[in-house]
Amino acid sequence: MPILRRPGVAVSDPSVRVRLGRTALEVTRLGLGTAPLGGLFAPVSEEVFRGTVEHAWELGLRLFDTAPLYGKGAAEARLGAALAGRPRDEFVLSTKVGRLLRPDAPPDPETLRGLWHDAPALNPVFDFSAEGVLRSFDESLERLGLDRIDVALIHDPDDHYEQALGGAYPALERLRSEGVIGAVGVGGNQVEVLCCFARETDVDCFLVAGRYTLLDHVGLRELLPLCVERGIAVIAGGVYNSGILAGPRPGATFNYAPAPPELLERALRLQGVCERHGVPLSAAAIQFPLAHPAVATVVTGAASAAELEQNVEYARTPIPADLWVELRAEGLIPLEAPVQRS
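Per our numbering, the very first residue in the sequence shown carries number -11; after that it's consecutive.
Quick caveat, the hints were computed from the structure, so don't treat them as lab data.
Yeah, the Cβ is synthetic: ideal placement off N, Cα and C, and Gly gets one too.
Treat the hints with care, as some may be off.
Label pairs and their in silico Cβ distance ranges [to be verified]:
#1 V168 x Y244: 31 to 37 Å
#2 P246 x G319: 35 to 41 Å
#3 E297 x E253: 40 to 46 Å
#4 E34 x R264: 38 to 44 Å
#5 R237 x G319: 20 to 26 Å
#6 R209 x A245: 21 to 27 Å
Work out the full structure: start from the sequences and follow the hints.
In structure tokens:
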């Protein structure tokens, strides 16, 4: 069993486990997200999906994040099949509620943009009502083929806050009180909405997508201090900001759209500092959020076992303290942002 460490302590092994906030769940410091494996931007075969999950297991990762939206149900079904037979108490699985998959629903913007490849002929429908969330939960269990879900996240409630607050959250709170789920959370990329949930509910965790990264520090101002104060664990997602921190170049994406020139220029400056210290930019991108005491784990997506292994190597890469000193001196990260100790 991997040893337990507190969030904010430098680690060289992403399979080290930490407690997820106030819950009894223990997550590895690096987790596998399944959006790319669900066919985001490019098709992924069932064989590659299974091989990637198996490799994650071999590397000691025990946190797996998915959602009905990913591959329109395909990611959940394939993840459940890939984890079948694994000791159930050895891994933590998170999925999301708030979108129901229906064959008769009109195509959503992501479908029209062709983001999901080889997906079933289903379209997501936003539904944050208590009834809709319970239906979503049951359908996820069926696709996963599991007897329980560890972390249930309200998925992108930004434009449906009132319904999510009055419907989705109480439904999940009840499931938590009954022991059906281990943690209730919210996943999204709008900090203001997450701050409202932090103040008005008793959530256990947030999956913060792209709002606390080497490039985007907006979560540091209010959200992360709130999480520390209230004991809410943060799962940091989107640490590459959808691509720009994996390789800043013309045409690189930020928030799944072409990056504005000023962000590309800043990312190139970040890369320049990293190169001067012999550190891949992606390594700094993965490790930067982990230094904050609110952040329990980083979830990175991978479309193959090779990509996953590269992410694990980035998480293990030694980063000299002087790199963080220079980033602060250049105004590229805030002075108050915690950094890993070398």
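The hints, checked one at a time:
1. For V168 and Y244, the hinted distance range of 31 to 37 Å is satisfied, since their beta carbons lie about 33 Å from each other.
2. For the pair P246 and G319, the beta carbons lie near 24 Å from each other, so the given range of 35 to 41 Å is not met.
3. Checked against the hint of 40 to 46 Å, the pair E297 and E253 fails, with Cβ atoms roughly 31 Å apart.
4. Against the hinted window of 38 to 44 Å, the Cβ-Cβ separation of E34 and R264 comes to about 43 Å, which satisfies the hint.
5. A hinted range of 20 to 26 Å for the beta carbons of R237 and G319 is consistent with their spacing of about 22 Å.
6. The beta-carbon spacing between R209 and A245, approximately 23 Å, falls within the hinted interval of 21 to 27 Å.
Consistency note: the structure conflicts with the earlier hints numbered 2, 3.
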